[in-house]
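The lines below spell out each chain.
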Amino acid sequence: MTPPIPLTLIGGYLGAGKTTLVNSLLAGGHGLRLAVLVNDFGEVDIDGRLVVAHDGETYTLANGCICCSFGDDLGETLRGIARADDPPDAVIVEASGVADARRLAASTGEWFGFEHHATLVLADAETVRARSEDPYVADLVRSQLAGADLVVLNKVDLVAESDVDELLAWCRSIGVDGPILPTTNGRVPIEVLTSVPAGRSPVDRVHDDHHVPFSSVVVRPTGPWRRTQLEAALASLPPEVVRVKGFVDLDDDGVGRRVVVQLASRRTRITDAPDRSAAGGDADDEPVLVVIAVGDLDPAALAAALPDSTIARRPGRPDSFLSAEV
Amino acid sequence: MLTVYPARRIHTMNPSLPEATAVVVRDGTIVEVGTMDTIRPWLDAHPHEIDTAFADKILFPGFIDPHLHPSLAATLLPMHFITAMPWRLPDRDVPATRGHEAFLDELRRLDATEPAGEPVFTWGYHELWHGRMHRSMLDAISTDRPIIVWQRSFHEIFMNVAAMRHFELDMTRLEAHPQVDVAAGRFYENGMYVGAVAMSGHLNDHDRFRHGLALAKAAVHQGGHTTIGDLTGSQFDTDVEWAALDEVLGGDDTPFRVQMIPAGARTLRNEDDRNDPAGWLRRTAERRGSDKLYFRNNVKLFTDGGFYAQLMRVRPPGFIDGHQGEWMIAPEQFEELARGFWNAGAQIHVHCTGDMGVELAIDVLAKLQWERPRFDHRFTIEHLGLSNPEQIRRLRELGGQASVNVYYVHELGDAYWTHSVGHERASQMARVGTCVREGVTTALHSDFTMAPARPLTSAWVAVNRLGEHGEVLGPHERISVHEAMRTITCDAARVLGMEDRIGSIRAGKSADFTVLEADPYEIDPLELADIPIWGTVFEGTPHPLA
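Chains A and B supply the protein sequences, listed in that same order. Quick note on the working numbering: the first sequence kicks off at 1 and runs consecutively. Quick note on the working numbering: the second sequence kicks off at 1001 and runs consecutively.
Everything labelled a hint here was simulated from the structure, so no lab data went into it. Check each hint, because a few of them may be wrong.
Covered stretches of chain B (chain A as the covering partner; in silico rule of three or more C-beta atoms under 8 angstroms from a C-beta of chain A) [to be verified]: (1) 1265 to 1272; (2) 1318 to 1331.
Just the calculated beta-carbon pair ranges, DEER-fashion [stated by the list, open to error]: (3) B:Asn1388 / A:Asp134: 16 to 24 angstroms; (4) B:Asp1139 / A:Arg269: 29 to 37 angstroms; (5) A:Arg129 / B:Arg1109: 53 to 61 angstroms; (6) A:Asp134 / B:Met1171: 37 to 45 angstroms; (7) A:Thr271 / B:Met1171: 18 to 26 angstroms; (8) A:Arg129 / B:Asp1530: 56 to 64 angstroms; (9) A:Pro3 / B:Ala1112: 41 to 49 angstroms; (10) A:Asp85 / B:Asp1530: 54 to 62 angstroms; (11) A:Leu158 / B:Ser1290: 47 to 55 angstroms; (12) B:Leu1526 / A:Arg129: 53 to 61 angstroms; (13) B:Asp1530 / A:Glu43: 49 to 57 angstroms; (14) A:Asp47 / B:Asp1272: 14 to 22 angstroms; (15) A:Arg227 / B:Glu1168: 29 to 37 angstroms; (16) B:Glu1114 / A:Arg49: 56 to 64 angstroms.
Glycine is no exception: its CB is placed at the ideal position from the N, C-alpha and C atoms.
Just need the whole structure built from these sequences, with the hints factored in.
In structure tokens, the structure reads:
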């Protein structure tokens, strides 16, 4: 059976920057073959020079990405993608500006052939507070944000730094309990946006993006863990953690096994590694977990949650931290 | 050759000559209305025949439902109806089924009588009437035959194990879905789409869809319509669907015309259309239109979500349970679309179900009137689930119209009183009385299958406003029989912008009549919905129902 394709929902009210993000994904630079699904091509900027095929509601681009307009029938579009001979690495769905992302995720998340990666909800730092008071959309804007796995606070370059702090606090006050990523131009690292499939590395990028404040920590277990220990550890991570990925060895009652660990925006998945290479490494690889967080994650803060391991800041800028920006 | 139809009474709905006893028709058009005496000069001058078929009958202008969905009906009508309300359908009379055991008995009966192995699709289940549904109950009826129970509002499906197997639903994966309860066989909200998609091949089958459309056609005739408006949501967008519509409804044997009203949000899909709404409307009409399925200058827009699904946007104090309705489109986008079509001179119909949806539509209409005033623009609020009297007054002052699904009162009035918004607002849903008092041009519609495709049933609700348990809901929103008959004839014609050709019986208009066996003005208004319909005359040709 082919592994499920990770699916990411991009939500947020009109003008929050969803299309900007989509446009940058389509422009490539991340090295992944993405299927980007949009309601309509309206403001999507497809570079004509990149188009290698155009068939009805689908554009195929030279960088391996496709862009489909799903109109009224997201389900049918997803079915088509799942059945394709050469399915994409990941699917990104741009939700309508009035969709309740949490409701939509309930539908797309378990669509056959897919697994929900995360729901990202963008907010326009300049206007989100005003929208949240608008009699027509106040409740919608608030519930969109509260339903996000990751809130992307966009366009922070257009507001004062003190306003950003105030916005972060305001987000907490309306029920946002997951990580909040302040950014500009809709930039979100690809590693956060989707799960990079095993065996595929995104291309390296030399661009050093100071606007995306992420840090990453490498956890190396010093011996096999018990399953309960792993689960407890993942459940007690600080809220700014957006991704955990890697593989560890478990030893419960003398039965050893290697498992793949995936944590994407508050959802945890622990699966048996079918073989070691599929788990993202060779048989000889030492178990390792990479933890990615918004802001500067202090390794010491993880020590309590992750005993029996060595924890270290990942040196330099990780090559998988790619900006979606061109 | 002239044809003369003497009748017991003709309600012309022309206030200048409200009643007559004879009408003269030539080539599908009315040439004279009056008495056998007053029409004499026409008969002296031209060869004629006198058709006395209606001598003891009552004639009205052909009924008009300005908002009815043949394609939706086509999907649903091939299913077995097990409903709390009685439905008269072209191929069957569906009695009311109320109570849990009665519902299961119906399923057992179907299992016993339907061809072996055929999936049984039912529509109409509602927990308030039929009790809790559970897969175990369906499995107890059959483990071999797929049984599908589709909830009345389309937001929930129950299936037995055989159905999940038949439609290749992977139960292990479904376990993980937050809105699928595999043990109960229940697919709800977004989970419902998982179930619906699995069945879509069956439901959209070529022959099944045509059969369904043929049933829809018969249902429209049976209701006494001679004109309907198809205000599409997503329909007739594809060549496949248009071909089916044209094949089944486009022929000479169809005793009604269909005014096709496309969804304006389609223009958002491409920049050229968005920048040129008038051109888009023209091109759509040129690509698709025919005599029977015709386009005019109308466009449909949406504000808020479905009324049966409780997804209407409600202003404070909101719903009793605190849930929120949904916008179908961002308010700013709605405004932008409306502005484009307003400035293109189009007639705009806006689906609005909650008072916040209505408020948005009226606010935007006010802005557009300020920016670029138009007379006789016919901006129409469609459905009008919840509203307040002040909104209706504003609508009047801004020149708007209303096309109302008044059946909401009968089917949902009680339920929304107890479970949704409370008595005050629920009893005033579908505020037809205020509309008529304020002088807003008002039509009734069925939004079929949201309500039966029976204008006399809609009129009966508007006149009596009886809830499902028989009590009057919102007595001050009732209207008179005459006002109700206007809402399904002349005023419905105005809502479609077709009043020059249809909607009353006067010289020069199309010879479209609905022929009744009793006079609505003479009977007990409580029996309005039960008046037998003989049939119709469409463009001069009689089409009896029997």
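Now the hints, each set against the structure:
1. 1265 to 1272: holds (count 4)
2. 1318 to 1331: Three-residue rule met by the region 1318 to 1331 of chain B, so holds; n is 7.
3. B:Asn1388 / A:Asp134: 16 to 24 angstroms: Given about 20 angstroms between the Cβ atoms, the range holds.
4. B:Asp1139 / A:Arg269: 29 to 37 angstroms: holds, 32 angstroms
5. A:Arg129 / B:Arg1109: 53 to 61 angstroms: Between Arg129 (chain A) and Arg1109 (chain B), where Cβ atoms are some 60 angstroms apart, the hint holds.
6. A:Asp134 / B:Met1171: 37 to 45 angstroms: Since the Cβ atoms of Asp134 (chain A) and Met1171 (chain B) sit about 43 angstroms apart, the hinted range of 37 to 45 angstroms holds.
7. A:Thr271 / B:Met1171: 18 to 26 angstroms: holds, 19 angstroms
8. A:Arg129 / B:Asp1530: 56 to 64 angstroms: holds, 58 angstroms
9. A:Pro3 / B:Ala1112: 41 to 49 angstroms: About 45 angstroms separates the Cβ atoms of Pro3 (chain A) and Ala1112 (chain B), which means 41 to 49 angstroms holds.
10. A:Asp85 / B:Asp1530: 54 to 62 angstroms: holds, 60 angstroms
11. A:Leu158 / B:Ser1290: 47 to 55 angstroms: The hint (47 to 55 angstroms, Cβ to Cβ) holds, given that Leu158 (chain A) and Ser1290 (chain B) are roughly 53 angstroms apart.
12. B:Leu1526 / A:Arg129: 53 to 61 angstroms: holds, 55 angstroms
13. B:Asp1530 / A:Glu43: 49 to 57 angstroms: Taking Cβ atoms as reference, Asp1530 (chain B) and Glu43 (chain A) lie about 54 angstroms apart, which means the hint holds.
14. A:Asp47 / B:Asp1272: 14 to 22 angstroms: Cβ of Asp47 (chain A) to Cβ of Asp1272 (chain B): about 19 angstroms, so the range 14 to 22 angstroms holds.
15. A:Arg227 / B:Glu1168: 29 to 37 angstroms: holds, 33 angstroms
16. B:Glu1114 / A:Arg49: 56 to 64 angstroms: holds, 58 angstroms
The structure shown violates none of the earlier numbered hints.
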